[in-house]
Amino acid sequence: MNVEIAELTRRFGRTQAVAGVTLELGPGVFGLLGPNGAGKTSLLRMMATVVPPSSGRIRLLGRDPGGYGPRRQIRRRLGYVPQNLGFYPRFTVVEFVEYFALLKEMPAARVSRAVATAVERVGLGDKATAKLRTLSGGMLRRVGIAQAIVNEPDLLLLDEPTAGLDPEQRVAFRALLRDLGQQATVVVSTHLVEDVGAACGRVALMDQGRIAFDGTPDELTARGEGTGAAGDAPLERGYSAVLAQVRS
Amino acid sequence: MDNDELIAAVAGGDDSALRELFARHAPWLAARLRAVLPAADVEDVLQETFLAVWRGAGGYRLEGSGGWLWGIARRQAALWLRRRGNPAELLAALAAAGDQGAADPAEVASSRAQLADAVQALGSEGSAQRETWRLMYVEDRTVAEVAELLGVPAGTVKSRAHQIRRLMRAALGGGR
Amino acid sequence: MSDDVDLDRVWIGVAAQVWQRRPGPVERAARHLLRSPGLARALVTTPSLLLGWVVATAVVLLAGMLATLGTGTPFVALCAPGIAAAGIAYAYGPGVDPAWELSRSAAVSDRMVLLVRALAVFGLNAALGLAASAASGTATAVTLGWLIPMTAVCALALAAATVARSANVGVAAGLAGWVTTVLSGQIAAGRLTAVVTDSALRLPYLAFAACCAVIVVFATRQNRPRGTT
Chain A
1 MNVEIAELTR
11 RFGRTQAVAG
21 VTLELGPGVF
31 GLLGPNGAGK
41 TSLLRMMATV
51 VPPSSGRIRL
61 LGRDPGGYGP
71 RRQIRRRLGY
81 VPQNLGFYPR
91 FTVVEFVEYF
101 ALLKEMPAAR
111 VSRAVATAVE
121 RVGLGDKATA
131 KLRTLSGGML
141 RRVGIAQAIV
151 NEPDLLLLDE
161 PTAGLDPEQR
171 VAFRALLRDL
181 GQQATVVVST
191 HLVEDVGAAC
201 GRVALMDQGR
211 IAFDGTPDEL
221 TARGEGTGAA
231 GDAPLERGYS
241 AVLAQVRS
Chain B
1 MDNDELIAAV
11 AGGDDSALRE
21 LFARHAPWLA
31 ARLRAVLPAA
41 DVEDVLQETF
51 LAVWRGAGGY
61 RLEGSGGWLW
71 GIARRQAALW
81 LRRRGNPAEL
91 LAALAAAGDQ
101 GAADPAEVAS
111 SRAQLADAVQ
121 ALGSEGSAQR
131 ETWRLMYVED
141 RTVAEVAELL
151 GVPAGTVKSR
161 AHQIRRLMRA
171 ALGGGR
Chain C
1 MSDDVDLDRV
11 WIGVAAQVWQ
21 RRPGPVERAA
31 RHLLRSPGLA
41 RALVTTPSLL
51 LGWVVATAVV
61 LLAGMLATLG
71 TGTPFVALCA
81 PGIAAAGIAY
91 AYGPGVDPAW
101 ELSRSAAVSD
111 RMVLLVRALA
121 VFGLNAALGL
131 AASAASGTAT
141 AVTLGWLIPM
151 TAVCALALAA
161 ATVARSANVG
171 VAAGLAGWVT
181 TVLSGQIAAG
191 RLTAVVTDSA
201 LRLPYLAFAA
211 CCAVIVVFAT
221 RQNRPRGTT
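Sequence lines, in order, name chains A, B and C.
Numbering-wise, the first sequence is residues 1 to 248 according to this note's numbering.
Numbering-wise, the second sequence is residues 1 to 176 according to this note's numbering.
Numbering-wise, the third sequence is residues 1 to 229 according to this note's numbering.
Okay, chain A solo, but in the shape it has when bound (with noise of 0.2 Å):
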């Protein structure tokens, strides 16, 4: 298990952002739906270790993140993209995603070819000594994307990441996903419906704080079926009609 948490809260001043969540994941693309300010960004960056919890146990690679040096382990073979992803102008794609392999502790030694493998992965590989100001939002995405893989991390989490990218970029990340859900726990939060569909094998639904669901795409698509719920897609009527219960 990579994952491991237990009646996980986050606040902050008098809102819950997390109001106990129960998880356990291991390898796989796992993907968190919810709509805004259902705590999956709260939840995500808890993962990323960027903020503790309020309260209740978290273990990340089996680890406590609450220690420093445990921490500094988990983060050597995490990866992140957030929400809003800052960036260098000045810095080049390649200097950008050596950066943070350099910041994640990878040996010096392994680091330009790992750089140079996750540029290509990202389909940068053209545009490798780019600097960052020249490229669209939808490279500078696909360039977050490339520093979090740079250490073949244990656990990716990665917060609304299709941001930006078009249908075709889409399909070549969902690839990618799948390809890194082999081996590590990958945790994708996105609003898109969709998105979810085509990579997860395991889909959790937040609101308010809280897991509304948690099993297959399948069976979220079950959940909506005969109900009347609103959406185009399956999926999507899976989706309104589980939040349609949860808040009634």
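Just so you know, the hints here were simulated from the structure itself, not pulled from any lab data.
Footprint (simulated), chain C over chain A, 3 or more residues, beta carbon under 8 Å:
(1) 48-62
(2) 75-82
(3) 97-110
(4) 122-129
Some chain B residues well away from chain A (every beta-carbon gap over 10 Å; in silico):
(5) D41
(6) G56
(7) G123
(8) R134
Note that the Cβ used here is the ideal one computed from N, Cα and C, for glycine as well.
Here the structure of chain A is known, so what remains is to put chains B and C in place on it, guided by the hints.
For chains B and C alone, coordinates are given in the frame of chain A:
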């Protein structure tokens, strides 16, 4: 961009031009090398070849991109084989591989036999012709290097090379 | 025929060498000193250690030096702390680092980066300032004396920047604090340079710097709550 433009771009430091060059030419270079070397060695030699292209693109004199690239690949392969102490036959086969269109190992093997016969026609081991052939075509050295090693003027080396080519062509049956 | 040759792998080998960035001498030295290539890279990319910034600092101090030579007032001693404070505030943090969130999930601790960068900026400013001050013929006591108020002002700037999560707030606090101190020295003792030359102030400065350091440590702790979901 055509090949000459790509090489010029590479000389100017454009790495995406190198990538394009690789995409276009690595497959056929790999095929030719594969006729003579095992796959793992081909990968290493090809990598050294394109690194040499990256470093040496400034020396391209519009002599034809295919020939220029193959020349670099052949030199890198020869360096590789020399470092590993491989027998001379492989080096000779390498030289022959460059002149052939086909990459069929059976053809190469029969050519090797033919090549061995043709080499005999140059003279006995240690003779001036044989030595010149060995240094120029097996060890792939430049005219200047051969002249220095043999202690003869460059002009002598060139005329010997001309004679060697004539003799080899005749022995191999009209330059296959 | 050559299906067994992995051309993608070959290209990666070529690309790794062609795209590789070779670190400069400063970074190589930092790698040995800090024993961390990541920390070394973070150090050489400090916004306030970039060439433009360093040149600007040198120019300001040069102007101060010339002014001192001309008028006798130790301008370098008066300017240097303010400049250093601005440099420190722009060393690291959410106001300065666009990829802040990513940096916070990195194995190299952001506190280490902050410490290393702040020390480097301080050291560089101190060295430049000392050189300019010595060259402008100021008395040794003054030359060395301002290092202590400079420490205090830098600590203030850093504390403000880390608490407010904004480099600009840090700069403002540092400059405001320093100007206030200098002016109050003027009012109390009638000399602008009182804050630098008065040795009775040294202990308070250092105590203040220590307090600010504690605030910085507290503000950069791991489990500090963030404002957004």
